[in-house]
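Colleague: Residue strings, one per chain:
2 protein chains.
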Amino acid sequence: MTVADARLTPSPHPPSQGTLYGVGLGPGAPDLMTLRAARLIEGAAVVAYPTLAGGASFARAIAADLIARDAQEIVMDVPMSVERAPAQAAYDQGAAAIAAALDAGKDVVCLCEGDPFFYGSFMYLFARLSARYRIEVVPGVTSVTACAARAGMPLAARNEQLTVLPGPLPEDALRARIDGAESVVIMKVGRHLTKIRGVIDALGLTDRAVYVERATLPEEVVLPLVDAPETAPYFSMILLTKGADPWL
Amino acid sequence: MTVADARLTPSPHPPSQGTLYGVGLGPGAPDLMTLRAARLIEGAAVVAYPTLAGGASFARAIAADLIARDAQEIVMDVPMSVERAPAQAAYDQGAAAIAAALDAGKDVVCLCEGDPFFYGSFMYLFARLSARYRIEVVPGVTSVTACAARAGMPLAARNEQLTVLPGPLPEDALRARIDGAESVVIMKVGRHLTKIRGVIDALGLTDRAVYVERATLPEEVVLPLVDAPETAPYFSMILLTKGADPWL
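Protein chains in written order, with numbering that gives the first Met the number 0: chain A, 0 to 247; chain B, 0 to 247.
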């Protein structure tokens, strides 16, 4: 059985079991969540979400106005660490708490920044629970198209290609992938900004590049890459588009 | 002045001028549009949208329940043709009608399937009007994450890369881009299905590939690529993901 088969064949679930909803919340502005996401959150008796190293949860902040006062909240505190084991333990524990709620017949709404299957931590829960539980994924607006909207830069038209790269990739890999690509989106810029800038400069593409930080939030920053700050937060992105093409 | 500079420097607009909203509607299910999109459409005195070769407008169908009865509708009928001139003329005409409404102080809400800047025809209007008018782009859920959600296939995690390719690309280009890539999304499959299947087969990747047609609509189809039909509609996609990686 292939991976695709396994994912597409629904396993039988006891009818009394709850459903886990992985709900994309969009890039940050609360009104960029979907109508379906809002309806599910408003009606949720149990919500789940990750926090990073004991900090506030960005996902919970986006959804805050819609969460019922008496909702049960399952908080997965994911430690920041280069080792995998501590984060794995946090997701194991979160998955167990979610499973307990589902077994008790409750639906669980898991809050996910952006889209659950696009660089989202929801996929760690999906990997742990999808064989045993009914899961519905509600797609959300990704930071990619949100940044393009805010920068006024169309991403791809007609037969153009789009490449999405994570900023933590090694310099060589970034250079090889950007060189010859058409539109490029570099995610998770953060502390990799200097390295990424160096690669883009060396390829002579700086005047096509725009830096976007915390897109759609009040503290949003949109700047030509040449004017970007020296340090970037984790939620920052660089867009490189083909530019001057007078579309159609 | 670079492209980025030009796009980021707002030109001064007369305060009496209306604003053009390019509003992403998501992949098809009406409740996968954002709260912001719904609010803008409900309040719109003027809506604009394309139709293809005199057919029904998919964008208008998604938004239908929200459009005010007395709203003015600007319809851009885009002819199907290999030549560019007829489509260009349709967008020229649409842009002129939108400009007239904006000059009269009315806001215009342009309805866009998916996301306006992700393979959307809105960018042809943006190219024609952005120098003279205030434009706000409201990002939407793309078919890419909608298909992944429906197929139960996470797209990219951690430092994985994602490549988006249009199906009409020549066979050689498709093979070169898919070979060595990580997750791959092939858009606009339609009449290119046989060619794309051949490429994926030759690369030995068929058991990692899923075919999705009209994601999130009642007539949706999700199948392992090996079981896909012989002919595909324009709104179909193939997802190739890394698969068996037990995330984190």
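It should be emphasised that the hints constitute simulated quantities derived from the structure, not laboratory data. Keep in mind that a hint or two might mislead.
Put simply, identical chains are the same to the list, so a pair is met inside one copy or across any two.
[To be verified] For lysine to any residue, the following SDA-like pairs were computed, each having C-alpha atoms within a straight-line distance of at most 25 Å:
| no. | residue 1 | residue 2 |
| --- | --- | --- |
| 1 | K105 | G189 |
| 2 | K187 | E159 |
| 3 | K105 | M79 |
| 4 | K187 | E72 |
| 5 | K194 | A67 |
| 6 | K194 | A180 |
| 7 | K105 | S80 |
| 8 | K194 | N158 |
| 9 | K187 | S129 |
Because the structure is a prediction, the values reported are computed rather than measured.
Colleague: May I ask which of the numbered hints given earlier this structure violates, with the numbers listed in increasing order?
Modeller: 1, 3, 4, 5, 7 and 9
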